[in-house]
Amino acid sequence: MHVAVTELWLAILIASACVFFTSAIIWMMLPYHKKDIRFLPNEDGFFAGIKPLDIKPGLYMFPDCQDMKSEGFQDKWKSGPWGTINIMPNRPNFALNLLRTFLAYLVITIIVAYIAGIALPKGADYMDVFRVVATAGILGHCMGGLANDFFLGKPARFIVTGFIDGLIFALITAGVIASMWPGGPSGLDGTLIITP
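Quick note on my numbering: the sequence shown kicks off at 1 and runs consecutively.
Hints may be right or wrong, so weigh each one.
Stated by the list, open to error - The following label-pair restraints were derived from C-beta to C-beta distances:
| id | residue 1 | residue 2 | range |
| --- | --- | --- | --- |
| 1 | Ala48 | Gly145 | 31 to 39 Å |
| 2 | Ile111 | Asp67 | 37 to 45 Å |
| 3 | Phe73 | Phe21 | 42 to 50 Å |
| 4 | Gly49 | Leu13 | 45 to 53 Å |
| 5 | Ile168 | Leu59 | 24 to 32 Å |
| 6 | Leu10 | Gly72 | 54 to 62 Å |
| 7 | Asp125 | Asn90 | 45 to 53 Å |
| 8 | Leu99 | Ile25 | 15 to 23 Å |
| 9 | Gly49 | Gly72 | 16 to 24 Å |
| 10 | Leu40 | Asp67 | 24 to 32 Å |
| 11 | Gly83 | His33 | 18 to 26 Å |
If you're looking for bench data, these hints aren't it; they were derived computationally from the structure.
Computed from a predicted model, the values in this text were never measured in an experiment.
Ideal placement from N, C-alpha and C gives every residue a C-beta, glycine not left out.
Work out the full structure: start from the sequences and follow the hints.
Shown next as structure tokens:
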């Protein structure tokens, strides 16, 4: 008998919260993300140059490749620089971004739990649940934006550290959901089980 997502609601919430707090700890307390994002060596000069352009909010790529055969494009394409720039509509809202981050983790966890629920029966072995959930979690946390990362030119370091984070998140999700799998060895349906 398959397991409905509604039977996993507590596991989904706990796993999402664990991933959220782990993400916060990783970004705020661990050093390996500190080199992912760099700051401009001449920020004042950059501001002085970009403000008069009055660029509207959006994601931009340069050089403009709409007319790839034009001589102007070819010159810029050969000489560089090449890149993307994201102009935000407002100052970053930390609280709103935290909420969006949690909701993203929650949606991933719901989908992962759904996959596990249709793949595994009640009472499935801990490691069977763990493997399915971890695999689906890796897809959700690691692979979703990978193609965009390549096309938008994100540095390899940023991609690799993001993948490491995603792997950690997937393993946490797998541990929580497998421990709370309905009809598990302890008979405590949907209740957190810490197995030695």
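Against the structure, the hints:
{"no.": "1", "hint": "Ala48 / Gly145: 31 to 39 Å", "result": "holds, 33 Å"}
{"no.": "2", "hint": "Ile111 / Asp67: 37 to 45 Å", "result": "holds, 41 Å"}
{"no.": "3", "hint": "Phe73 / Phe21: 42 to 50 Å", "result": "holds, 47 Å"}
{"no.": "4", "hint": "Gly49 / Leu13: 45 to 53 Å", "result": "holds, 47 Å"}
{"no.": "5", "hint": "Ile168 / Leu59: 24 to 32 Å", "result": "holds, 28 Å"}
{"no.": "6", "hint": "Leu10 / Gly72: 54 to 62 Å", "result": "holds, 59 Å"}
{"no.": "7", "hint": "Asp125 / Asn90: 45 to 53 Å", "result": "holds, 49 Å"}
{"no.": "8", "hint": "Leu99 / Ile25: 15 to 23 Å", "result": "holds, 18 Å"}
{"no.": "9", "hint": "Gly49 / Gly72: 16 to 24 Å", "result": "holds, 20 Å"}
{"no.": "10", "hint": "Leu40 / Asp67: 24 to 32 Å", "result": "holds, 29 Å"}
{"no.": "11", "hint": "Gly83 / His33: 18 to 26 Å", "result": "holds, 21 Å"}
Comparing the model with each numbered hint stated earlier shows that all of them hold.
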